[in-house]
Amino acid sequence: MIIRESKFSKFLTYTVLSLITLLTLLPLIWMLSASLKLDSEVFSLPIRWIPKNPQWKNYTVIWGKIPFGLFVWNTLKLTLVITVIQIATSSFAAYGFSKINFKGRDFLFFCYVTTIAIPWQVYMLPQYSLMNKFHLVDTHIGYVLLQSFTAFGVFLMRQFYLSIPNDLLEAAKIDGLNDYRIYFRIVLPLSKPSLATLTIFSFVTIWNDFMGPMIYFNTTNLKTIQLGIRMFIGQYSTEYGLIMAASVVALVPVFIIFLAFQRFFVQGIATSGLKG
Amino acid sequence: MKNSKAKGKGLSLGTKNLFLGLSFILPNFIGFFIFILIPVTFSLVLSFMKWDGFHSMEFIGIKNFIYIFKDRVFIGAIFKTVYYSAFTVLFTLVASLGLAVLLNNKLRGINFFRSSIFFPYVASIVAIAVVWNALFQKDFGPINSFLKMIGIANPPGWTASIHSVIPALIIVSIWRNMGYFMIVYLAALQDIPYSLYEAATIDGATKRQQFFRVTLPLLAPSTFFVLMMLTINSFKIFDLVYMMTEGGPGNASTMLSQYIYNQSFIAWNYGKASAAAMILFIVVGTITVLQFKVEKKWLSYM
Numbered sequence: 001m002i003i004r005e006s007k008f009s010k011f012l013t014y015t016v017l018s019l020i021t022l023l024t025l026l027p028l029i030w031m032l033s034a035s036l037k038l039d040s041e042v043f044s045l046p047i048r049w050i051p052k053n054p055q056w057k058n059y060t061v062i063w064g065k066i067p068f069g070l071f072v073w074n075t076l077k078l079t080l081v082i083t084v085i086q087i088a089t090s091s092f093a094a095y096g097f098s099k100i101n102f103k104g105r106d107f108l109f110f111c112y113v114t115t116i117a118i119p120w121q122v123y124m125l126p127q128y129s130l131m132n133k134f135h136l137v138d139t140h141i142g143y144v145l146l147q148s149f150t151a152f153g154v155f156l157m158r159q160f161y162l163s164i165p166n167d168l169l170e171a172a173k174i175d176g177l178n179d180y181r182i183y184f185r186i187v188l189p190l191s192k193p194s195l196a197t198l199t200i201f202s203f204v205t206i207w208n209d210f211m212g213p214m215i216y217f218n219t220t221n222l223k224t225i226q227l228g229i230r231m232f233i234g235q236y237s238t239e240y241g242l243i244m245a246a247s248v249v250a251l252v253p254v255f256i257i258f259l260a261f262q263r264f265f266v267q268g269i270a271t272s273g274l275k276g
Numbered sequence: 001m002k003n004s005k006a007k008g009k010g011l012s013l014g015t016k017n018l019f020l021g022l023s024f025i026l027p028n029f030i031g032f033f034i035f036i037l038i039p040v041t042f043s044l045v046l047s048f049m050k051w052d053g054f055h056s057m058e059f060i061g062i063k064n065f066i067y068i069f070k071d072r073v074f075i076g077a078i079f080k081t082v083y084y085s086a087f088t089v090l091f092t093l094v095a096s097l098g099l100a101v102l103l104n105n106k107l108r109g110i111n112f113f114r115s116s117i118f119f120p121y122v123a124s125i126v127a128i129a130v131v132w133n134a135l136f137q138k139d140f141g142p143i144n145s146f147l148k149m150i151g152i153a154n155p156p157g158w159t160a161s162i163h164s165v166i167p168a169l170i171i172v173s174i175w176r177n178m179g180y181f182m183i184v185y186l187a188a189l190q191d192i193p194y195s196l197y198e199a200a201t202i203d204g205a206t207k208r209q210q211f212f213r214v215t216l217p218l219l220a221p222s223t224f225f226v227l228m229m230l231t232i233n234s235f236k237i238f239d240l241v242y243m244m245t246e247g248g249p250g251n252a253s254t255m256l257s258q259y260i261y262n263q264s265f266i267a268w269n270y271g272k273a274s275a276a277a278m279i280l281f282i283v284v285g286t287i288t289v290l291q292f293k294v295e296k297k298w299l300s301y302m
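Quick note, the sequences are listed as chains R and V, same order.
In terms of UniProt numbering, the first sequence has 115 at position 115, counting the first letter as 1, and numbering is strictly consecutive.
In terms of UniProt numbering, the second sequence has 40 at position 40, counting the first letter as 1, and numbering is strictly consecutive.
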């Protein structure tokens, strides 16, 4: 839909859009501004959006007060490992679900889809006691196992594989390729955009996850960046500047990934919104 | 000929495909089965048990369900979840559709606007909760300062008041989610062929008529998707509430998920927690099935 607009309506659209955008970003701008303030200034009125004496030291202090650097490393490690396992196993499984016709396939897939609609709170507890039995509570491995096999990845990749024409695979079979080779040589290279989408979604989800680490990690050395921010709230409840600075640091990687791979986000949302 | 002989000796095609298919699926399915499917099934069993996680389990029939339905906190949690969900779903739907229509044009810099509105969705809830709690601060927070400035003498207490804590949560949820669903709508809008609008214009339809007679009906499948996702997500709401209010003040924002969490990890009533979890699952499941049914009926008439 392309709407041809007069100059006036164009101006009007820009004004409305700018206002909405500004309003949407205002909380984040406020956060950025507060992260450079003294606590006495954070709530002073009228709001000074650009601090008079920017407190850059807020950004250095946070690394010393709690092991924030270690938390960043833990988060990075967990995010990468989980994302890799998820990508590898779910794209492989999605090929089975979309391109091979076998007995019980639809039932198995139904199990996956059902769990998307089941809130995590429903099975959080049995999952915890199961992990406890395996002695995997308070370990990184436990958390990795927990997060790596979610249904979302399989669902997203299957949506994409359904759009790959079967004729293409038939042709490859006539040329003597078996299904494993077809997957690695043809389907995988074709699905780069979807893999990128899944990577980004997985990255953002794990990076931002709070509940999982909160329930599973007790030892300080295992904790992640999101738990770190909460530690500032607990220990230094009045030090808003530090909390905001830590929050900004946690947002930066997501922001960079978001800017760099924006179109994959959009594509992924559009794909998962299609009817399978 | 040789080939078919070899096939006859070996496995049938069906069995062969079964093994082939399983070989693709198993690496993921084993993990999925152990860490997700078993716990899901087990929570059903637990809802009929009395268990604190340490001592042995005891089968007590539907006693857990009777207990939670007599618990005023649980009944309150149901009402609050419905209240929160109704407004969140409605306003987020309207906001995301409105934004999508507004942003569906080829103006210069349109991507900047789209990304900015989407960005809150990828920001961490921990950070979001901290910021909004500060913004909502009752006495000297920026929002109430602004409200006082424009002449509202007694602005709401937001997260500090039992009357306005849920509206505060609704506002943050809309702000966070509207960008995501805007993109779902944008994708759908871009699939509507331009020729339809040309035809409508030739027939003399106004912009408003075009929106209600062309755009809206064609967006129906997306609207069902958005409605379903929003409803499921709203009923599941936990992280945001936990981080902004922990269900408080008092139990004013204790919704279903928070109740389940409290019963499991604070009271150690595994049975009651699972019973409440079952209720949440039944509610979400019913809504999902209902929406599917309505969708099928509705769309088949189009």
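Read the hints as simulated data drawn from the structure, not as lab findings.
Each residue gets a CB set at the ideal place from its N, CA and C atoms; glycine is no exception.
There's no promise every hint is true.
[Stated by the list, open to error] Distance condition first, Cα-Cα at most 27 Å in a straight line; then the derived BS3-like pairs of lysine-lysine:
| no. | chain 1 | residue 1 | chain 2 | residue 2 |
| --- | --- | --- | --- | --- |
| 1 | V | Lys50 | R | Lys52 |
| 2 | R | Lys103 | R | Lys173 |
| 3 | R | Lys103 | V | Lys297 |
| 4 | V | Lys106 | V | Lys16 |
| 5 | V | Lys138 | R | Lys10 |
| 6 | R | Lys133 | V | Lys50 |
| 7 | R | Lys173 | R | Lys192 |
| 8 | R | Lys192 | R | Lys99 |
| 9 | V | Lys207 | R | Lys7 |
| 10 | R | Lys192 | R | Lys77 |
| 11 | V | Lys138 | R | Lys52 |
| 12 | R | Lys173 | V | Lys16 |
| 13 | R | Lys52 | R | Lys65 |
[As the list claims (entries may be wrong)] Interface residues of chain V toward chain R, partial, derived using beta-carbon atoms under 10 Å:
| no. | residue |
| --- | --- |
| 14 | Leu11 |
| 15 | Thr15 |
| 16 | Asn17 |
| 17 | Pro39 |
| 18 | Phe42 |
| 19 | Phe48 |
| 20 | Leu99 |
| 21 | Ala123 |
| 22 | Trp132 |
| 23 | Ala134 |
| 24 | Gly141 |
| 25 | Ile150 |
| 26 | Trp175 |
| 27 | Ile202 |
| 28 | Asp203 |
| 29 | Phe238 |
Consistency of the hints with the structure:
At most 27 Å may separate the alpha-carbon atoms for a hinted pair to count; V:Lys50 and R:Lys52 exceed this at roughly 60 Å. Only pairs whose Cα atoms come within 27 Å are accepted, and R:Lys103 paired with R:Lys173 is accepted, the gap being roughly 21 Å. For the suggested pair R:Lys103 and V:Lys297, the alpha carbons sit about 30 Å apart, so the restraint of at most 27 Å is broken. Proximity of V:Lys106 to V:Lys16 is assessed by CA-CA distance (about 52 Å); at most 27 Å being required, the pair is judged violated.
Note on V:Lys138 and R:Lys10: the hinted pairing is violated, with a Cα-Cα distance of about 39 Å set against a maximum of 27 Å. Of the pairs offered as hints, the one joining R:Lys133 and V:Lys50 holds, with about 19 Å between alpha carbons and a cut-off of 27 Å not exceeded. A C-alpha spacing of about 22 Å is found between R:Lys173 and R:Lys192, which places the hinted pair at or below 27 Å, so the restraint holds. About 18 Å separates the Cα atoms of R:Lys192 and R:Lys99, which keeps this hinted pair within 27 Å; it holds.
With a C-alpha separation of about 17 Å, the suggested pairing of V:Lys207 with R:Lys7 holds against the 27 Å cut-off. For the hint linking R:Lys192 to R:Lys77, the alpha-carbon distance of about 23 Å falls within 27 Å, and the restraint holds. Taking the CA atoms of V:Lys138 and R:Lys52, the gap is about 25 Å. The hint holds against a cut of 27 Å. In summary, the hint linking R:Lys173 to V:Lys16 is supported, as the alpha carbons are separated by about 15 Å, within the 27 Å threshold.
Proximity of R:Lys52 to R:Lys65 is assessed by CA-CA distance (about 25 Å); at most 27 Å being required, the pair is judged to hold. A least Cβ separation of about 12 Å between V:Leu11 and chain R goes past the 10 Å threshold, and the interface hint is therefore violated. Satisfaction of the interface hint for V:Thr15 is found here, the shortest Cβ-Cβ separation to chain R being roughly 9 Å, below the 10 Å cut-off. Using the Cβ-Cβ criterion of 10 Å, the hint placing V:Asn17 at the interface with chain R is satisfied: the shortest such distance is roughly 4 Å.
With a least beta-carbon distance of about 4 Å to chain R, the hint placing V:Pro39 at the interface is held under the 10 Å criterion. Taken as an interface hint, V:Phe42 checks out: its beta carbon lies about 4 Å from the nearest beta carbon of chain R, inside 10 Å. Interface restraint check for V:Phe48: the shortest CB-CB distance to chain R comes to about 13 Å, outside 10 Å, so the restraint is violated. Given hint, V:Leu99 at the interface with chain R, holds; its Cβ is 7 Å from that chain's nearest Cβ, closer than 10 Å.
Checking V:Ala123 against chain R by beta carbon gives a least distance of about 6 Å; that is within 10 Å, so the hint holds. Using the Cβ-Cβ criterion of 10 Å, the hint placing V:Trp132 at the interface with chain R is satisfied: the shortest such distance is roughly 6 Å. Hint on V:Ala134 holds. Least Cβ distance to chain R is approximately 6 Å, under the 10 Å limit. Checking V:Gly141 against chain R by beta carbon gives a least distance of about 7 Å; that is within 10 Å, so the hint holds.
Annotation: V:Ile150 was flagged as interfacial toward chain R, and the flag is violated, the nearest CB pair being 13 Å apart, outside 10 Å. A cut of 10 Å between beta carbons decides the hint on V:Trp175: the least distance to chain R is about 7 Å, and the hint holds. Restraint check, V:Ile202 versus chain R: the minimum CB separation of about 15 Å is more than 10 Å; hint violated. The criterion of a C-beta within 10 Å of any C-beta in chain R is not met by V:Asp203, whose closest approach is roughly 16 Å, and the hint is violated.
A distance limit of 10 Å between C-beta atoms decides the matter here; for V:Phe238 the minimum to chain R is near 6 Å, and the interface restraint holds.
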